[in-house]
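Chains as they are written, first to last, in this note's numbering: chain F, 12 to 132; chain P, 12 to 132.
Check before you lean on any hint, since a few could be wrong.
Each pair may be met inside one copy or between any two copies, as identical chains are not told apart.
Claimed, not checked - As a list, the in silico DSS-like pairs of lysine-lysine whose alpha-carbon atoms are at most 27 Å apart:
1) K83 x K64
2) K88 x K36
3) K83 x K36
4) K83 x K60
5) K30 x K88
6) K36 x K60
7) K60 x K88
Quick caveat, the hints were computed from the structure, so don't treat them as lab data.
2 protein chains.
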Amino acid sequence: MEISFPSGKDSYSTMRQLKWSSTEKVIARRCFDQALQRELSEAIQSAQKMAAKISHASELWELERHLTQLRKEIDRKYDYRYSRLLLVFSDLVQEGQLDLADLRGLSEDKLRYIRQHAEAA
Amino acid sequence: MEISFPSGKDSYSTMRQLKWSSTEKVIARRCFDQALQRELSEAIQSAQKMAAKISHASELWELERHLTQLRKEIDRKYDYRYSRLLLVFSDLVQEGQLDLADLRGLSEDKLRYIRQHAEAA
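Can you build the whole structure from these sequences, using the hints too?
This is the structure:
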């Protein structure tokens, strides 16, 4: 059966009702963890570059603000709830942190939703 | 006239009434700025060392917490109000960030207060 995704509140309610098979859960978890690890590695590298260039105290507090912002952004973005996961993946594909090919194995409906939302973002 | 410093609230009120000559203000400002600059330089170096060693995300957020704590501590410590300055200098001498010799030129009463408080801390 093909599931259609209405927009807004209805879309959220549809996503809550979506079924995730065991295989899909494994794929989702792997993709999620890989993207998160990649993003954290990038964050470490960018912070190290920033730190190495510091010569004034103002840049030290700039690094602090940068890290706080980064932490909040990553916390917000990486939300592993099945009711949110398609939106999370859409954002990651849109940002280039994840490739649609990595998600192969998810149902066609889920992949279509992710692709459409990534293109629309 | 020799000023005696009572303890607690009275000491604070005595310090508020202290007179600072122009020469003393110049000495105080120079010592304050030098100690602050030294502390900021140390903070930059320690942050750079911490950053360079980061290999896990948890250490990234540890660096963030370290910087936040450092900023608050420095803000709290470096309080350039004449009513607070003798306490600030006492702390700096006690911590080894400032030498009593650097403060030469302040009145004997002020120097005695700073020395006594630095030793008592």
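How the hints compare with the structure:
no. : hint      : in the structure
1   : K83 x K64 : both (24 Å within a copy, 22 Å between copies)
2   : K88 x K36 : within (18 Å within a copy, 52 Å between copies)
3   : K83 x K36 : within (25 Å within a copy, 44 Å between copies)
4   : K83 x K60 : both (20 Å within a copy, 24 Å between copies)
5   : K30 x K88 : within (22 Å within a copy, 57 Å between copies)
6   : K36 x K60 : neither (36 Å within a copy, 40 Å between copies)
7   : K60 x K88 : within (23 Å within a copy, 29 Å between copies)
Of the numbered hints given earlier, the model fails hint 6 alone.
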